[in-house]
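Starting from the known structure of chain A, arrange chain B on it as the hints suggest.
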Amino acid sequence: MTALQAPTELRPTSLEEVGRGPARVSRRRGPVRPGTRASAGGLIWLLPALAVLAVFVYWPLTQNILFSFLKWNIYSGEQTFVGGDNYVALAEDPIFWKALGNNVWYAVISIVFQVFGALVLAAIVESVRRERWRKALRAIYFIPSAISLTVAGLLFYFIYQPQTGLLNVFFDNLGLGQFSQAWLGHESTAIFAIIAMSQWQGFGYSVLLFSVALQRIPQELYEAAQIDGIGPVRRFFNVSLPLVREMTGLMMIVTISGAFQVFNEVMVMTSGGPNNSSQVLGTWLYHAGFVTNDFGSAAAIGVAIFVITLLLAAAQLAYSRKKRVEW
Amino acid sequence: MNPTRATTAIAATGILALALTACSASGGSADITAKPDFSGSLSILTAGAGDPMAPYFEGVVKDYQAEHPDLKITLAQETDDNAIKDKEKVLIGSQSLPDVYFTYAGNWGENFAVNGLAVDLSKQIAPGTEWGDSFGTAALDSFRYEGKYYGVPFYNDAKFMGYNKRIFSELGLEVPSTFDELISDCFTIKAAGQVPIAFGNKDGWPGLHYLGQLVAYNVPRDTIDADLAPKTARYDDPGYVTAMEQFQRLVTECTGDGSNSNGVTYTTAQQQQATGKAAMYYQELIEFDSVNTSDSQLNRDGFGIFQLPAPDGAKGDPGTLQGAPEGYMINAKSKNAPVALDFLKFLTNRENATTLSSPPYGQPSAVKGVVTEEVASPAVAEGAKLVDDAESSFAWLDMANVPEVADSWVAVSEGLVSGSLTPKAALAAVRAAAEKAK
Chain A
2 MTALQAPTEL RPTSLEEVGR GPARVSRRRG PVRPGTRASA GGLIWLLPAL
52 AVLAVFVYWP LTQNILFSFL KWNIYSGEQT FVGGDNYVAL AEDPIFWKAL
102 GNNVWYAVIS IVFQVFGALV LAAIVESVRR ERWRKALRAI YFIPSAISLT
152 VAGLLFYFIY QPQTGLLNVF FDNLGLGQFS QAWLGHESTA IFAIIAMSQW
202 QGFGYSVLLF SVALQRIPQE LYEAAQIDGI GPVRRFFNVS LPLVREMTGL
252 MMIVTISGAF QVFNEVMVMT SGGPNNSSQV LGTWLYHAGF VTNDFGSAAA
302 IGVAIFVITL LLAAAQLAYS RKKRVEW
Chain B
368 MNPTRATTAI AATGILALAL TACSASGGSA DITAKPDFSG SLSILTAGAG
418 DPMAPYFEGV VKDYQAEHPD LKITLAQETD DNAIKDKEKV LIGSQSLPDV
468 YFTYAGNWGE NFAVNGLAVD LSKQIAPGTE WGDSFGTAAL DSFRYEGKYY
518 GVPFYNDAKF MGYNKRIFSE LGLEVPSTFD ELISDCFTIK AAGQVPIAFG
568 NKDGWPGLHY LGQLVAYNVP RDTIDADLAP KTARYDDPGY VTAMEQFQRL
618 VTECTGDGSN SNGVTYTTAQ QQQATGKAAM YYQELIEFDS VNTSDSQLNR
668 DGFGIFQLPA PDGAKGDPGT LQGAPEGYMI NAKSKNAPVA LDFLKFLTNR
718 ENATTLSSPP YGQPSAVKGV VTEEVASPAV AEGAKLVDDA ESSFAWLDMA
768 NVPEVADSWV AVSEGLVSGS LTPKAALAAV RAAAEKAK
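First to last, the protein sequences are chains A and B. Quick note, my numbering runs 1 ahead of the 1-based positions in the first sequence. Quick note, my numbering runs 367 ahead of the 1-based positions in the second sequence.
Everything labelled a hint here was simulated from the structure, so no lab data went into it. The beta carbon of each residue, even a glycine, is placed where N, CA and C say it ideally should be.
Heads up, incomplete: computed chain A residues facing chain B, CB under 7 angstroms, no partners named:
# : residue
1 : Tyr76
2 : His187
3 : Asn277
Here chain A stands alone, though its shape is the one from the complex (with noise of 0.2 angstroms):
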């Protein structure tokens, strides 16, 4: 995945320069003036990208900008401008705000789990000292990722089943019967079920990405460290999390934009119900255009995904630059 690729600025170039300890080396080519030669060939092998771009990223979105505006019956074609309309129906949809709120539990969940539980499981992953055992823990980890979403969601729905699940029958064998339920059935446990689910599902990969993270740490910082005597815990607080500060910001970006747009697995599973209590922003989206025909509304959702998204990763950039550890 090209945006998740190590910043070029964060790998040593060589051992000596690692031996050396923090140096800046020059990682850049001399920069390129505007208005010459140079500038001008490389805007032109950037317009084919531009273009495909422009067509099939910003003009959808402007278009869909416009749509939030209008109502329009899908029957007739029949269109008309409504002004705010969408938004403030928006505003009022008790449901709409269930769906915002249930993302936000999908995404701080998935923050504790994706990324700071994934670290540290990276961290001790690699702190493992044979590397025929590093390689089998990460594929391990990384299998469930592996799995499509909707063959996991249907494999957690069998694991769910009220009556015959493996979930409850575990339940019941260890003498827990009382918390025995239908976990996709009931209003208050839906869509902590299907998050469970995704985080099953994702944790494997923010290992993996953690794991490449951390292996570019040269060693002798942790051989330093050891040297003076400071412990795993503090090695890992002091010298791991530090320099995998970019890729942890990137994993927040990732998690956090993945979280509000979550969509297969609650279709998958729940379909947002019981009674809509496990609606989140994507499945609302679609439940306005395709179930209930109101393409305005679900236009007018499309564009609040996208400006929370947008803030959020805005944030999070802005926030990892200022903290940004070079070495």
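Coordinates of chain B only, in the frame set by chain A:
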């Protein structure tokens, strides 16, 4: 976490939205009376994907193709309910509805009819025409909108309680004639360690089918009809609350999973009865031959049906039966509408109607006089007769209502099952949706 998960929905909405900008409010209707050109093409969309119906349509298309070898036929099949609904909405948006397409009765079909998307077939299929007289009037009326006939009824459908004759016989039970008797039978069946009624409400609509029949029993028909139209809807009749209370009572006393039923799928419940593990299961007529297959335990035990019994003293119509036919329409912009019409006549000829009504398909054709015990399984034949004999019929709540209200009924059905909604709160939610739809 994959950051592109919601792309499907957002992109589909965007594409549909873009396509809609080009939509026109009205379109010229295809000339249905022109001479068919069998050298052209014909596109068909059914709701029969999967077993047992996909092979049926493939067979019909193959036979029609044999009669018209120069005709290029494109057959697309989707599964019933959500898949076909989504597909048709996308096709409307992209202005690519096929020549012949599936439709439900009620508000779903009405949207096609009144918005210029379906051909007016009154001259071909209205009662009194040769083709029209091959169908029952009630079936034809299900697709009549603003006094015109737009749909070709394909099969009749209605909801019945299917029961296991062995379990009933071993426990000395008779078919219940009142709602209270049904509840009482549930106690007897439960006491014997059996599941009285298999029920899975993961999708919301199975509960809605109980609610629809109970509403029809408890609320006067005129009141229901007024409430179905957004402009006159009030949803304040106490019969709605009574129907919801009866539904909650049935879920609590009769189902194996009770308030957990929202976590169980409809097909899981279907299997419970097919394998003889549940005494009863509320099902559609078109499901009978899928549940009661020749190799099933239920078939060995004996399969019977009865209409959900009406409560004593109910204020609505105790003779009404919930159900509606499903059918096909012709695209008003079809370039080959006469061939589409010819195909639909072929699809509903006596031979094809007989095949449709026979096992393994078991779909009771809407063609009059076809569904007999010689042709159909005993249960399908009995169900079809009960449909014909019903004093009145009442369309599914989620099809009869406009989408916003239908959707609130689905959510309410789930809330009533889990117990998170009281009947009064549930009715208030439906009323609020009706207000919003005005």
